[in-house]
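Take a look at the letters that make up each chain.
Number of protein chains: 2
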Amino acid sequence: MNNNQTSPENLNKLIDMIKDVDIAMMTTIDDDGSLRSRPMRTQKSGTDGILWFFTGYESGKSHEIKDNDAHVNLSYSKPSDELYVSVSGRASLTKDKQKIEELWDPTLKAWFPGGKDDPNIGLLKVTIDKAEYWDAPNSTLIHLYGM
Amino acid sequence: MNNNQTSPENLNKLIDMIKDVDIAMMTTIDDDGSLRSRPMRTQKSGTDGILWFFTGYESGKSHEIKDNDAHVNLSYSKPSDELYVSVSGRASLTKDKQKIEELWDPTLKAWFPGGKDDPNIGLLKVTIDKAEYWDAPNSTLIHLYGM
Ligand SMILES: Cc1cc2nc3c(=O)[nH]c(=O)nc-3n(C[C@H](O)[C@H](O)[C@H](O)COP(=O)(O)O)c2cc1C
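First to last, the sequence lines map onto chains Z and S.
Residue numbers are given in this note's numbering: position 4 of the first sequence equals residue 4, and the series is strictly consecutive.
Residue numbers are given in this note's numbering: position 111 of the second sequence equals residue 111, and the series is strictly consecutive.
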């Protein structure tokens, strides 16, 4: 592995792992300080270090992210491959029409019956601060990205 | 499902799901406010609503949990079964000899080469506050335990 942890190679490796698992558990801090997680499908993971997720604009997690730049964690687990990834980042909520248009795909109708014009549709933009992964049961972690 | 969310049936159902997945991603809040997660093997999940994990007594996560009763999240994901569980709870760190003795099993030597007398061995006791699960891609969440 490259020692320069923020190298493009490492980011590409991270994106490959994320694509392989696809569904993340996204953890946020609730009003009362407790930590909650829920499964989220990764809509796009880009070489710009940004991950995109569709979300209901008025939803529990959006409420918890109402402060833009809220800390979140995304964990990607694939027990059958013994692959575990932790991504620490900041999330912000947007209704950017153009971005929704760009990222929309029809399978999302399961969550947004109104399609991409659903009044409640929103996007979570997560900027990656730090990423780590484990790929064998006895392995210690590998810092992949960030500090 | 029983409507009484803290019923013993629901706790038993939760424990069954946890046993099936075994490895949780444990999220804690770092000193700088960021959220970090790492894979942890669930050593015991009891009908008393308490989960036990072995940990290094001096470790990153122990440091983050140094305030006893720190909020943690445990996510259990099994993509192959489309099963996702979120457990919100409080963690505290202990070196309780008797409990270590009771929960120790030899496969733990991978992390604690010194065995159960390893000076750095510790236990994380997580008291469950709240649990939710999803078991199909389009399902909305099911509150399982706590409110
Ligand atoms: C499959 C798997 C299971 C693990 N289980 C544990 C565990 O039960 N206890 C533990 O302390 N570390 C376990 N680890 C290692 C942790 O993920 C982590 O690297 C280590 O505890 C140090 O984390 P920290 O610096 O955040 O404290 C496991 C790693 C993997 C890949």
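No lab work stands behind these hints: they were computed from the structure.
Bear in mind the structure is a predicted one, so any value in this text is a computation, not a measurement.
The reader is advised that the hints may include incorrect statements.
Copies of one chain are not kept apart here, so a pair can be met inside one copy or by any two copies together.
Said to hold, decoys possible - Taking lysine-lysine pairs in the DSS-like style, the calculated list, with each CA pair at most 25 Å apart, reads:
| id | residue 1 | residue 2 |
| --- | --- | --- |
| 1 | Lys78 | Lys116 |
| 2 | Lys116 | Lys130 |
| 3 | Lys19 | Lys125 |
| 4 | Lys44 | Lys78 |
| 5 | Lys109 | Lys13 |
| 6 | Lys97 | Lys13 |
| 7 | Lys78 | Lys13 |
| 8 | Lys130 | Lys109 |
| 9 | Lys95 | Lys13 |
| 10 | Lys125 | Lys13 |
| 11 | Lys78 | Lys99 |
| 12 | Lys78 | Lys130 |
| 13 | Lys116 | Lys13 |
| 14 | Lys130 | Lys97 |
| 15 | Lys97 | Lys78 |
| 16 | Lys19 | Lys78 |
| 17 | Lys95 | Lys78 |
| 18 | Lys125 | Lys99 |
Right, here's what the structure says about each hint:
no.: 1; hint: Lys78 / Lys116; verdict: neither (30 Å within a copy, 29 Å between copies)
no.: 2; hint: Lys116 / Lys130; verdict: neither (31 Å within a copy, 33 Å between copies)
no.: 3; hint: Lys19 / Lys125; verdict: within (17 Å within a copy, 33 Å between copies)
no.: 4; hint: Lys44 / Lys78; verdict: both (19 Å within a copy, 21 Å between copies)
no.: 5; hint: Lys109 / Lys13; verdict: neither (30 Å within a copy, 30 Å between copies)
no.: 6; hint: Lys97 / Lys13; verdict: neither (30 Å within a copy, 42 Å between copies)
no.: 7; hint: Lys78 / Lys13; verdict: both (16 Å within a copy, 22 Å between copies)
no.: 8; hint: Lys130 / Lys109; verdict: neither (32 Å within a copy, 29 Å between copies)
no.: 9; hint: Lys95 / Lys13; verdict: neither (29 Å within a copy, 38 Å between copies)
no.: 10; hint: Lys125 / Lys13; verdict: within (20 Å within a copy, 34 Å between copies)
no.: 11; hint: Lys78 / Lys99; verdict: neither (29 Å within a copy, 30 Å between copies)
no.: 12; hint: Lys78 / Lys130; verdict: both (20 Å within a copy, 24 Å between copies)
no.: 13; hint: Lys116 / Lys13; verdict: neither (31 Å within a copy, 37 Å between copies)
no.: 14; hint: Lys130 / Lys97; verdict: neither (28 Å within a copy, 36 Å between copies)
no.: 15; hint: Lys97 / Lys78; verdict: neither (33 Å within a copy, 33 Å between copies)
no.: 16; hint: Lys19 / Lys78; verdict: both (11 Å within a copy, 16 Å between copies)
no.: 17; hint: Lys95 / Lys78; verdict: neither (31 Å within a copy, 31 Å between copies)
no.: 18; hint: Lys125 / Lys99; verdict: within (10 Å within a copy, 43 Å between copies)
Going through the hint list in order, the structure does not satisfy hints 1, 2, 5, 6, 8, 9, 11, 13, 14, 15, 17.
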